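Asks: Sequence:
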Amino acid sequence: QAHRRYGSWCRGLAGIGTLLIETGRHEGDLPTTDLGVRCAWACRDLAPRMSPVSQCCGLSGVGELLIDAAAVTGDERLHRA
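Per my numbering, the sequence shown starts with residue 6, numbered consecutively.
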């Protein structure tokens with residue numbers, strides 16, 4: 006089972022996903038963007054076990070990634086996550 010820190014922005018999937026989405030969008034590289042979106046879904050699954058609400062190590066960073074992923078895909082499920 007993945008540790009909740011794996012979802013963090015500073016050392017985990019929220020930060021990695023944000024970088025992948027922004028890089029994919031800038032370069033027009035759909036596979037890179039898709040990896041970032043997969044990070045967003047993984048973070049969504051980790052979020053219930055994350056207690057901090059800060060951007061760096063907590064839910065705010067995950068929320069930011071979910072918003073970025075929703076913006077790039079148009080997937081409303083990511084907005085509701």
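Among the clues, some could well be false.
To be verified - FRET-style restraints, in silico, Cβ to Cβ: (1) ASP34 with ILE72: 19 to 25 Å; (2) HIS84 with GLU32: 21 to 27 Å; (3) ARG54 with ASP80: 30 to 36 Å; (4) SER56 with GLY79: 16 to 22 Å; (5) GLY33 with ASP80: 17 to 23 Å; (6) ASP50 with GLY79: 19 to 25 Å; (7) VAL58 with ARG85: 27 to 33 Å; (8) PRO57 with PRO36: 29 to 35 Å.
Note that these hints are calculated values from the structure, not bench results. Values in this document were obtained by computation on a predicted structure and should not be read as measured data. The C-beta atom is built at its ideal place from N, Cα and C for all residues, glycine as well.
Asks: All the hints need checking, so say for each whether the structure fits it.
Replies: Right, here's what the structure says about each hint:
For ASP34 and ILE72, the hinted distance range of 19 to 25 Å is satisfied, since their beta carbons lie about 20 Å from each other. A hinted range of 21 to 27 Å holds for the C-beta pair HIS84 and GLU32, which are about 25 Å apart. Restraint check, ARG54 to ASP80: a C-beta distance of roughly 23 Å breaks the suggested window 30 to 36 Å. Remark: the range hint 16 to 22 Å for SER56 to GLY79 is contradicted by a beta-carbon distance near 31 Å.
Evaluation of the 17 to 23 Å hint for GLY33 and ASP80 yields a pass: the beta carbon distance comes to about 19 Å. Roughly 21 Å separates the CB atoms of ASP50 and GLY79, a value that falls within the hinted 19 to 25 Å. Distance hint check for VAL58 and ARG85: the Cβ-Cβ separation is about 19 Å, which falls outside the suggested range of 27 to 33 Å. A C-beta distance of roughly 31 Å is found between PRO57 and PRO36, which places it inside the suggested range of 29 to 35 Å.
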